[in-house]
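Use the sequences and the hints to build the structure in full.
Sequence order for the protein chains is A and B. Numbering-wise, the numbering used here puts 256 at position 256 of the first sequence, and it's gapless, one number per residue. Numbering-wise, the numbering used here puts 24 at position 24 of the second sequence, and it's gapless, one number per residue.
Simulated from the structure, these hints should not be mistaken for lab results. Everything hinted at is true.
The list that follows gives simulated cross-link-like pairs (lysine-lysine, DSS-like), each with its CA atoms no further than 30 Å apart:
id : chain 1 : residue 1 : chain 2 : residue 2
1  : A       : K231      : A       : K63
2  : A       : K63       : B       : K43
3  : A       : K22       : A       : K105
4  : B       : K2        : A       : K82
5  : B       : K43       : B       : K2
6  : A       : K22       : A       : K53
7  : A       : K53       : B       : K15
8  : A       : K55       : B       : K2
9  : B       : K31       : A       : K82
10 : A       : K82       : B       : K43
11 : B       : K43       : A       : K53
12 : B       : K31       : A       : K22
13 : A       : K188      : A       : K105
14 : A       : K55       : A       : K22
15 : A       : K63       : A       : K6
16 : A       : K13       : A       : K188
17 : B       : K43       : A       : K66
18 : A       : K22       : A       : K63
19 : A       : K66       : B       : K31
20 : A       : K231      : A       : K170
21 : B       : K15       : B       : K31
22 : A       : K55       : B       : K31
23 : A       : K63       : B       : K31
24 : A       : K105      : A       : K170
25 : A       : K55       : B       : K15
Partial chain B-side listing against chain A, Cβ under 10 Å, derived:
id : residue
26 : V5
27 : A7
28 : N8
29 : Y25
30 : I32
31 : I33
32 : Q38
33 : I40
34 : G66
Glycine is no exception: its CB is placed at the ideal position from the N, C-alpha and C atoms.
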Amino acid sequence: MNDLLKIGNEYFKSRLLTGSGKYSCDSIIPEISEVSGSEIITVALRRVDLNSKHKSLMDYIPKHMKLLPNTSGARNALEAVKIARIARASGCGNWVKIEVISDNKYLLPDGYETLKATEILASEGFVVLPYINADLYLGRSLIDAGAAAVMPLGSPIGSNRGIQCKEMIKILIDQINLPVIVDAGIGKPSDAALVMEMGASACLINTAIASSPNPVLMAEAFSNAIDAGRKAFLAGLGTKTEYAVASSPLTGFLHE
Amino acid sequence: MKLLVNANTLSFDVKPNILSIISHYNLNPDKIIVLVNQEIIVKNSYSSFEPSDGSTIDILSIVGGG
Chain A
1 MNDLLKIGNE YFKSRLLTGS GKYSCDSIIP EISEVSGSEI ITVALRRVDL
51 NSKHKSLMDY IPKHMKLLPN TSGARNALEA VKIARIARAS GCGNWVKIEV
101 ISDNKYLLPD GYETLKATEI LASEGFVVLP YINADLYLGR SLIDAGAAAV
151 MPLGSPIGSN RGIQCKEMIK ILIDQINLPV IVDAGIGKPS DAALVMEMGA
201 SACLINTAIA SSPNPVLMAE AFSNAIDAGR KAFLAGLGTK TEYAVASSPL
251 TGFLHE
Chain B
1 MKLLVNANTL SFDVKPNILS IISHYNLNPD KIIVLVNQEI IVKNSYSSFE
51 PSDGSTIDIL SIVGGG
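Structure (structure tokens):
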């Protein structure tokens, strides 16, 4: 089945984007990447801790994977723009996940600042994937500003609370003609399957895999769930009814 | 002269270049990103670029993130 995910001008077989944070040891990342089939991986940019031996995450990321640097740590548009430019200059490519957050309790994205950063970075040739609240008007404005996709949250980052914004995500999927990638809060494979059945283009999973006692097996479980959800969406779900509808013939009973 | 490297003050007897600062911390130049006074320094000028006294140096790297 030739069902590819298109972001910008690139095509991907996998609809599972993975994160690279929170693993107890980065050396597990190659195995996670292999079993998940993921082709896109998020990374972050930070100051080096000069008091301890520096280990490079990049040594563990398979070379074929597309890097998606995030702008985590940015509190406004200009900080996000700065991080994106540094990431590109450092050889991470021209993709960026814009993440502008100033609320430290819920880590909710600042839509206004995210939009401003998107306008600037898209005009500079970045492939921009903004992390947002599931809001139709913001989504439309981001697409107008040149975003390549939108990444609505299911629930707060790292919370594993699942798809709390289901109805709003459904509206985005219906109204936005670019990929809707559900990011944040997906806690279990059935959450991912749910949004894929709804027609989401992809999911980005980090915490749910990294915080599992068996991250490799969980990565495979997410891969299966996303495939299953996607196939269900493409097949089309059956009709829901209020009352029972018999699956077996209602004629020819033995007692007749 | 003094430099502020990742928010730590560092004193040098002779004027360092970026490569000598990186070497001081045993860092691999291919695995890091260097900013001097907020400006990105391209890798092929690490051995020739000499920050002026009081400059702010940021040494960054790619880390895990979601």
